[in-house]
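Trainee: If you read the protein sequences in the order shown, they are chains A, B and C. So that you can map any letter, position 309 of the first sequence is 308 in numbering that gives the first Met the number 0, and since no number is skipped, the others follow by simple counting. So that you can map any letter, position 155 of the second sequence is 154 in numbering that gives the first Met the number 0, and since no number is skipped, the others follow by simple counting. So that you can map any letter, position 8 of the third sequence is 7 in numbering that gives the first Met the number 0, and since no number is skipped, the others follow by simple counting.
Calculated directly from the structure, the hints in this document are not laboratory data. Be aware that a few hints might be false.
What the hints assert, rightly or not - Covered stretches of chain C, going by a simulated chain A footprint (3 or more residues, C-beta under 8 Å): (1) 38–48; (2) 72–85; (3) 107–116; (4) 162–168; (5) 237–244; (6) 274–281.
As the list claims (entries may be wrong) - When the alpha-carbon atoms are kept at most 30 Å apart in a straight line, the in silico DSSO-like pairs for lysine-lysine are as follows: (7) C:233 to A:461; (8) B:182 to B:164; (9) C:233 to A:417; (10) A:315 to C:233; (11) A:516 to B:182; (12) A:516 to B:92; (13) B:92 to B:174; (14) C:157 to A:516; (15) A:516 to A:461; (16) B:92 to A:540.
The beta-carbon is built from N, C-alpha and C at its ideal position, and this holds for glycine as well.
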Amino acid sequence: MMSRLRSREFWTPAMITGAALLAALILIAVIAPLTMTQAAEQLTPNAALGPSAEHWLGTDDFGRDLLARALVATRLTLLMTAGAAAVSVVSGVVIGLAIWLSGRRVREVALRILETAVAYPSLIFALVIAAVLEPGVSSAVIAIGIAGIPGFARITANLASSVSSSEYVVTARLLGVSPVRIAARHMLPNMAEPLLILSATVFALSLVEISALSFIGLGVQSPQYDFGRLLNDSLGALYTQPVEAVGPSVMIALTGLSVMLIGDALAAHADPRAKRSFFRRVLQRNRTITVPAGDTALVRAENLRISIPGGPQLVKGITLAINPGEVVALVGESGSGKSLTAMAIAGLPSEDLAVEADLLRVGEMNMLAAPDQSRLARDISIVYQDPGTTFNPSLRMGSQLTEVLRTHLGLGGTKARKAIIDALTSVNITEPAHRLRQHPHELSGGMRQRAMIAASIVTSPKLIVADEPTTALDVTVQAEVLRQFRRIHREQGTAMLFISHDLAVVEALCDTILVMKSGEIVERLTSAQLAARDVHHPYTKALLAAIPTLELGPVPATAGVATP
Amino acid sequence: MNANAQTPPAALDPQPGGPGRRAAHTAAPAAGPADPAAAPAAGPAALQAASVSNLNVRFGAAHVLKDVTMAVPAGTVVGLVGESGSGKSTLGKTLVGINKPSSGEVLIAGEDFTKMRGRRRQQMRREVQYIPQDPYSSLSPRRTTGQTLAEALDPHGANPVEHRKAIAAALERVKLDPSAAEKYPHQFSGGQRQRIAIARALMLEPKLVIADEITSALDVSVQADIIRLLQGMRSTVDSAMLFISHNLAVVQQVCDEVVVMFQGRIVEQGPIESVYRDPQHDYTKKLLSSVPGSPGFSLD
Amino acid sequence: MTSSIAVEASRTPGVAAGGAGGRFIRHPWVGFSLRRLGGLLLSFVVLTVVTFLIVPLIPGDPAVIAAGDGASPAQIANVRAELGLDLPMLTQFLNYVSGILRLDMGTSFVSGERVSTLIFTRFPFTAEIALLAIVLVLLISVPLGMAVAILTRGGRNKWLDHGFNFLTSLIYSIPQYVVGTLLVVVFAVTLRWLPAAGAATLNSLVLPTAALMLGPVCVISRIVRRETAVVLDKDYVRTARGWRLSALRTNARYVLPNLVTTTLTLSGLILAAQLGGAVVIETVFAWPGLGQGIVNAILQRDYPVIRGIILVLGLLATLIIILVDLILAIIDPRNLGATSNDV
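Chain A on its own, in the form it takes in the complex (with noise of 0.2 Å):
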């Protein structure tokens, strides 16, 4: 946190103005009582005057001074907020830790009890609490603290039970560490950032009901005031001094904005999302490129580079070529750009991202302009990794896999179910009339990148962007959905560019193989070459080295035991 602190980009502008605000407020809290208490309690025969250079928010009726009136209860204010959000935020992370130590039952009842008291308005729980005591200062702190108990209970629960499924509380478990200590070690010091941003929330919130009480006339009493008092107060004048309301109101206000401001700075900068900056590529103006006569391939990048803008470069000037009908693989580890070369291609590069190139085009789409989108669509189809987020949840398949169909190809319902009926059935999907009236959460992962294969062959398409496509796929499935990618290079002859980490998988389909480290090509291999670990560049033969590979010799002496 310290170190924190000192960060350059912790100190948003929204966090300095959260902060000096709320240092100015604790300052008049400490000075404005001992300095203008005369100005504020004193009665003087100067009532109700409207605001003048010696009285800026002008007087009430007893010729107070207003100003000094919502300066002075700054100090109340903030002891009876700060007050209140203590009782809630220490009692509710000891309720919620204890919940989260004892026993399954008793856990699964208390959690019950939690849901219900926290869907219960937390201000009417405190006006119970208010109606049994006597009005007053502590008995304001008390309801509007307890009354936040159940939700700062019941989000503590839910942070311990989210961090204590997190494997190094399960190992630590294991490892026979008691689970006090557990709490005490693991527990709390991961769940210390969220509880502080929360924590903010709690006073902005503990601010309002406490003024709130006071307002209705159930906290503070005459002859103490705070903001809510005051405002109160301002009530009966309203039509006579209407600026009476003025003081508490803005006093309020700013005290609730500078802690939401340091609660919301605290919050962004613990994610990730918030920190992204754009970046406007400049399109290059022609949508089209002439291709030269001797020119065969079909996709053709020179010197693609791709950097964070301001940042390192991460494709440091590669040049390839994708012929008609050729089956084109990227190969590296993680970190080697691959993707990022291949997203590029596809005409889908991260936003945040800067994209040049001496020529970027596939066909003669200018890929470093805006080309014609429905071209795009029909031209350029694109595989995913991992089957399980890249169809939308809440639409049938049947309505996702025709999108392309129905947008850029203009065919009708009833034509477009039909097409994608046929390509469901070319890659072995049963019942596809029946799969396409269903979610996709009810389809297992094969049939999910299956399908996915499906529509991106339907439009017939000039070059398949496969990123990845079987990583996440079991090993029976994966070749399954390699055979079904060999089919449509085959039937088809649909070029391909292929992204993969897996040298064997590249190995069996491709008919070139580009070998990627650190943004740059380090070799150009055909299957043959590969095949005959006709390698030379060291970092292959050392990538070569580390893919496991099965071996089987021939069979020993006794066999395995087969249960039935």
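Add chains B and C to chain A, keeping to what the hints say.
Mentor: Okay, now just chains B and C, sitting in the frame of chain A:
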């Protein structure tokens, strides 16, 4: 994983090259399978690091493990292969005590710890340790390697100097520098983290270590490092290991025996060379012929 | 008083609800109904116990309060016997419960009116502004949140990002009663466009509803924005982009449907918390609903009315959440198995 295992361990290959390893394998295949002790779950209980018999595990309506009977002989590495949903991970977690058996027996060093209570159960649980798949979530981000490893040690006994020695020894065993003890997980690569996870599992010198897909999340070159490490450790570590993996080639390089699971049942088990070279069950045959590059593999 | 804590509390699933005999019931709707009924029953029991305890827990003698100022000891004893306050605690509780089940919650200490009648006259007023606010909040915040998320995706339009965050933080940190007071100052006192208080005309609806809405619009549009940002990062949105679908089609078919569950669930919790906001807002605008009723009752120590209104508000909060669950289950049957808070 000691030297008197039924099948001779694959020799630690000094040169990380395919041809070298190939030679080591083809030289070794014969000795083990003839040993009668290799017949699964047949030897006396004392020779088994762990064994389960007629084990059933149900989650609600789902019957995940069906009448599973198998054993991990002391000092051996047994591979557990199968596809996702075959129940191999469930079996691993049942052996560690994370999942509860619905029926059947789970013996660790001849004793059924699922039926034990309190301190004795805690003691027994420490005899089985678990290495999870993802090295990024298996180490607490806010604790140094030293603190993580020290958790296995008795917090009240032993003095700090002995603790430090034990931790240094554990790091040494997985070929990490003793200075690693002072560092936090984010300062290590995936492969180094997996080494730390292995060191942690071996801290207590348990009877059995469950390695659940420990190389699946790693790049191939890092995976090769971990395989070499496991092969190299066999002479110095006494614990037996259940090596769960979907990668049949990796299993062949690390394990002495293999158990094949399919839809919650064990369909085949035996010494690795015999099962791989002469699979009896149709599913095993299909599995082996699906591995790219294997003799039966064909895309046509 | 929009309870963002309730929102956060619901972010991560806790232990899945065991539910009433879930294992034996095959049909999902049966299990769903039983679980929700169980939830309603549980909250009814908790509320009954809590509201009952209010009277025994108050400092001082409820009979003295009920008898009014300057009552003689004999009168007080009379009132005590009449209200059954001299009976053993258990008997009092059983009487209380049977009274509730007969819709008889006693009579007001102050007006002598039956509590149930009082609740029935006040309830429509609260329902009116609460429902209006709910509908308007959803109509405004869902498109707003989506639009901001789409415009700021991947770090675009940083100024909009910061501006939206700042403005919603600012408005949200102004409590609803302050918003209400300011609205009155501007529109009723200064401009004299709208009535400041009462429920006489249709115009009177405008200010209380506006005051009730502003906060939730901010919170829910922030939630929608955050959830949209999450959905925009999903693989299936990338798939839709790979199919080169237009932005409109992608957002309408691939983003929006996947926001509904989270948004509605969180909105349900927030809107239930709105009932708390109504309490204060009604005081500001002298709106004759349940909120004003309970504040008056507390100030006058009118315990039968306090009990009655708290019970009703609590049941309403539970009903809102069950209603949201029901809508979700109808939209997407996969939600049948989840509890309201498992987002």
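Trainee: Which hint numbers doesn't this structure obey?
Mentor: Hints 2, 3, 12, 14, 16 not satisfied by this model.
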